[in-house]
Amino acid sequence: MIHLVWIREWLLGHGGHLRLGYSTFSQWPITLNVEANSLLEEVAVKVLMDQDIHPERFREFMREVSIMKSLRHPNIVLFMGAVIQPPHLSIVTEYLSRGSLYRFLHKPGVKELLDERRRLSMAFDVAKGMNYLHKRNPPIVHRDLKSQNLLVDYKFTIKVCDFGLSRLKPSTYLSSKSLAGTPEWMAPEVLRDEPSNEKSDVYSFGVILWELMTLQQPWSNLNPAQVIAAVGFKGRRLVIPNDVSPEVASIIGSCWASEPWKRPSFSSIMSSLKQLLKSTSQAAQNELLLIA
Numbered sequence: 001m002i003h004l005v006w007i008r009e010w011l012l013g014h015g016g017h018l019r020l021g022y023s024t025f026s027q028w029p030i031t032l033n034v035e036a037n038s039l040l041e042e043v044a045v046k047v048l049m050d051q052d053i054h055p056e057r058f059r060e061f062m063r064e065v066s067i068m069k070s071l072r073h074p075n076i077v078l079f080m081g082a083v084i085q086p087p088h089l090s091i092v093t094e095y096l097s098r099g100s101l102y103r104f105l106h107k108p109g110v111k112e113l114l115d116e117r118r119r120l121s122m123a124f125d126v127a128k129g130m131n132y133l134h135k136r137n138p139p140i141v142h143r144d145l146k147s148q149n150l151l152v153d154y155k156f157t158i159k160v161c162d163f164g165l166s167r168l169k170p171s172t173y174l175s176s177k178s179l180a181g182t183p184e185w186m187a188p189e190v191l192r193d194e195p196s197n198e199k200s201d202v203y204s205f206g207v208i209l210w211e212l213m214t215l216q217q218p219w220s221n222l223n224p225a226q227v228i229a230a231v232g233f234k235g236r237r238l239v240i241p242n243d244v245s246p247e248v249a250s251i252i253g254s255c256w257a258s259e260p261w262k263r264p265s266f267s268s269i270m271s272s273l274k275q276l277l278k279s280t281s282q283a284a285q286n287e288l289l290l291i292a
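1 is the number of the first residue of the sequence shown in full-length UniProt numbering; add one for each residue after it.
Since the hints were derived computationally from the structure, they do not count as laboratory data.
Using N, Cα and C, we set each Cβ at its ideal position, and we do this for glycine too.
The reader is advised that the hints may include incorrect statements.
[Unchecked claim] Distance windows between CB atoms, simulated:
(1) Gln226 <-> Pro246: 28 to 36 Å
(2) Pro55 <-> Glu247: 48 to 56 Å
(3) Tyr102 <-> Pro246: 23 to 31 Å
(4) Ser267 <-> Ala225: 29 to 37 Å
[What the hints assert, rightly or not] Here are the simulated DSSO-like cross-link-like pairs (lysine-lysine), alpha carbons at most 27 Å apart as the crow flies:
(5) Lys155 <-> Lys278
(6) Lys274 <-> Lys111
(7) Lys234 <-> Lys262
(8) Lys155 <-> Lys107
(9) Lys155 <-> Lys274
(10) Lys278 <-> Lys262
(11) Lys262 <-> Lys274
With the sequences and hints as input, model every part of the structure.
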């Protein structure tokens, strides 16, 4: 465990039961140096809003800590420590300067900043992080994959975060018991409160890929209850615009298959995106040669 030095602190945002804060991190309680190199490191501190919590909520918090401690991957947010005693229950991770993908995609002028190849590369990052989770033994099912739970660093690298709803999958199916998460990104079987597996994450990835390609908010014209009815019970899907390439549209559509077993694995998605990135890079080189 680590010690937090609360030198400066301000609100980054709110999410569910947790508050995102910002602080300066120190490995030891007395000094502000990190590994004695005289450099201070910026970190993100996720503080439990209600510190007087019931045992089940505390177990959920400890489960998130346990999962994050076990993860090491370039596309998973880096766990740095946790405070596991009230009144400062919190999780400390690396700080990613561009914030959530959701907020980043909806900033003015983002289309000029993110060409199609960069957006495909960001989708590839998400697929790599999720493939790592699903390849674990037992697999880790995120269950709340959405653009708000993806963080962007200064190099536009994407990292998966927020494992508060995640579960280890020792058996074939997970029971949701209650509807948790955000309906706009949730698979139809989850919206119907049916047993689900890691393929529900694949459906959510399809929504994220749709966001990256369209720079639109999913189901912005519907309220959450209407999304549940439309996707979960009427079989509706987001409209893929004609200007989205057929190859990308095919990936999105496959992720949204009604039968979970028909959805691709993240390993397969990675292969498809890798090929797309290769072809877009070659097309860009050919265009430069024509200009020259």
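Practice task
Just pull the numbers of the violated hints for me, sorted ascending.
Solution key: Of the numbered hints, all hold.
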